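A.B. asks: For the protein sequence lines, the chains are A and B, in the order given. So for the first sequence, the working numbering puts the first residue at 5; every next one is plus one. So for the second sequence, the working numbering puts the first residue at 13; every next one is plus one.
Read the hints as simulated data drawn from the structure, not as lab findings. Bear in mind that the values here come from a model prediction, so they are computed numbers and not experimental data. One should not assume that every hint holds.
Calculated cross-link-like contacts (lysine to aspartate or glutamate; reagent style EDC-like; alpha-carbon spacing at most 20 Å) [stated by the list, open to error]:
{"id": "1", "chain 1": "B", "residue 1": "Lys-170", "chain 2": "A", "residue 2": "Glu-12"}
{"id": "2", "chain 1": "B", "residue 1": "Lys-170", "chain 2": "B", "residue 2": "Asp-152"}
{"id": "3", "chain 1": "B", "residue 1": "Lys-170", "chain 2": "B", "residue 2": "Glu-136"}
{"id": "4", "chain 1": "B", "residue 1": "Lys-170", "chain 2": "A", "residue 2": "Asp-10"}
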Amino acid sequence: MTSDPDFEARVRRQLRSELSGLTPSVDADAVRARLADRPSLRSAGIRWRSSLPAAERHPATRLLAALVIAGVLVAGTLSAGVLIGLFRSNAPTAPAGQAGPSALASTLPTLQPTPLATPVVPSSCAVTRPDPPFAAPSPYPSQPPGRVWYGTQALWTMLMPNGEVWSGYPIGPGGITQKTFWFSTNWPGTAVEPVPAITVTGTRLDGSGSFTFGPGTNASAEFGEAMLVGIEVPTPGCWQITGHYAGTQLSYVVWIPPAANLQRECQQVDRPGAIDCQVALGLAIAALPLGDHPDLAVFAYGTYCGTTSGCDLSAPANRVDFGLVTFSYADDTHHEYVYVVADRDGRLHLGGTLSASPPPLMSVPTPVP
Amino acid sequence: MRSELDAARLVDELRAQRPEALDALLATFGADIERVAYLVLHSRMDAEEVVIDTAMTAWDRVGSLRDPSALRAWLLQVAARHSLQRVRRSRSVDPLPPAAPLAADGGDPAALIDRFSLVAAVAELPPRMRAAVALHYFADLTVDDVATALGRSRNTVKTELRLALERLRTAMTPDGADAGRSGAGEP
Chain A
5 MTSDPDFEAR VRRQLRSELS GLTPSVDADA VRARLADRPS LRSAGIRWRS
55 SLPAAERHPA TRLLAALVIA GVLVAGTLSA GVLIGLFRSN APTAPAGQAG
105 PSALASTLPT LQPTPLATPV VPSSCAVTRP DPPFAAPSPY PSQPPGRVWY
155 GTQALWTMLM PNGEVWSGYP IGPGGITQKT FWFSTNWPGT AVEPVPAITV
205 TGTRLDGSGS FTFGPGTNAS AEFGEAMLVG IEVPTPGCWQ ITGHYAGTQL
255 SYVVWIPPAA NLQRECQQVD RPGAIDCQVA LGLAIAALPL GDHPDLAVFA
305 YGTYCGTTSG CDLSAPANRV DFGLVTFSYA DDTHHEYVYV VADRDGRLHL
355 GGTLSASPPP LMSVPTPVP
Chain B
13 MRSELDAARL VDELRAQRPE ALDALLATFG ADIERVAYLV LHSRMDAEEV
63 VIDTAMTAWD RVGSLRDPSA LRAWLLQVAA RHSLQRVRRS RSVDPLPPAA
113 PLAADGGDPA ALIDRFSLVA AVAELPPRMR AAVALHYFAD LTVDDVATAL
163 GRSRNTVKTE LRLALERLRT AMTPDGADAG RSGAGEP
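Extracted from the complex, chain A is given alone in its bound form (with noise of 0.2 Å):
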């Protein structure tokens, strides 16, 4: 086949137009989120699997290692793994002495966080910033790496300094996920009680919601062993988060900002019933006054096809949002947000564009000749 420069030239052309309305939706905070807790979760990984003697290298062992590691570094967007990744759990099989106060004590971290921006917390809500922090008892270091402790020696944990953020973290089934660290001279340890009677309860204080989870699991980092409590937050906003160890509770107050990427997690299988993305988009099209030129190309970016509010099940209806969607007619080219409504059961119903008006090429009723 011989070289076609008409050809090639109306290929880019073409890609340029049709991607044209394909805009930037990438912030720095979400690389900066991940950035700041990588280099801790992928060398704290490292350097646990390299202090296991190898007679301990068993497949269980192994496995509960790749599934830590993989868990870290698949969650990169746990920003909080600054914490995550210095910790390890325990299996219990673990070598007795090998998570030993003195031994962890010895070797510090070095790593230190990376000055990162935050997002900005309203001052509605009044984010935890220890101070003075407390001072942990010894055979931990009197302040974690890149975190403050903060509690009492019955029940304590580790913050920001400057107030504690959650944002860019996973969504499960139930919501944000993250990690929740303790600590207590109460707890015998993992030997003891590798299974922690600790709860974590949250109540949200700009809204309705609350949760608890519990009991824990263990984990340790080289400075010592903690109670680790997975938690998922429903939604974003202002929680405080309240652990229940041996008769103490310990409070604080976090934000979790509105997470850009919370929508599109909430895909539409979870909605009770299928929803079928082809025809909720091809529905959401045809409600659209597109009129019929012969040059009238419709194209979707149709990779959202997620609901709105958060994947509010008990909502009577959400709106299922789609991507991009480019309709281009003649050289004339316009990209709209498009969408339909599914009801509780999962029917669908006509939507429209998310503009607030039509652009001129949606406004041609009749085809032009």
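Take the given structure of chain A and dock chain B to it, following the hints.
C.D. replies: Okay, now just chain B, sitting in the frame of chain A:
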């Protein structure tokens, strides 16, 4: 000249790991990165992940970039590689069916349309060919730069681009769309 100076400054700031450099990076190159990734992945969500992956790679490895004026090409090469990695990883996952191209047909919401979209046609190409098309025809990278991105020889890339054009031409020919699309395979 100005853009070269800007690129040099941006590279310096990335090397110094100044957090605000990421804002400039995404403002300047984010759109191209996302569009290249979209052409390879045909998924907006995945393309956004590639943007993040690419920015993180830039943060880590911009020191290996000897010529700051080549920053754009380097970023897009990185984006293409991340995209292809994501394609490989996703093969064990059942993806949502792509929703393009679609259109209303006489008001029947379920009806697919036969309107043509070049982006949709590119999506039918094998992944590496998509990457070559994205980098060369959309992002204007040279064949040599594309070859570097894909880890292939210059001649191999030229061949892939030629085959890609053949397929796209077939798909863009009236009555040829079906043949062009059903004939696309995955290497």
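A.B. asks: Verify the proposed pairing of Lys-170 of chain B with Asp-152 of chain B, using a straight-line Cα cut of 20 Å.
C.D. replies: holds (14 Å)
A.B. asks: Below or equal to 20 Å on CA atoms is what counts here, so check Lys-170 of chain B against Glu-12 of chain A.
C.D. replies: holds (13 Å)
A.B. asks: Is Lys-170 of chain B close enough to Asp-10 of chain A, meaning Cα to Cα at most 20 Å?
C.D. replies: Since the Cα atoms of Lys-170 of chain B and Asp-10 of chain A sit roughly 17 Å apart, the hinted pair holds (cutoff 20 Å).
A.B. asks: Check whether the Cα positions of Lys-170 of chain B and Glu-136 of chain B lie no farther apart than 20 Å.
C.D. replies: holds (19 Å)
Figure legend: structure checked against the earlier numbered hints; every hint is met.
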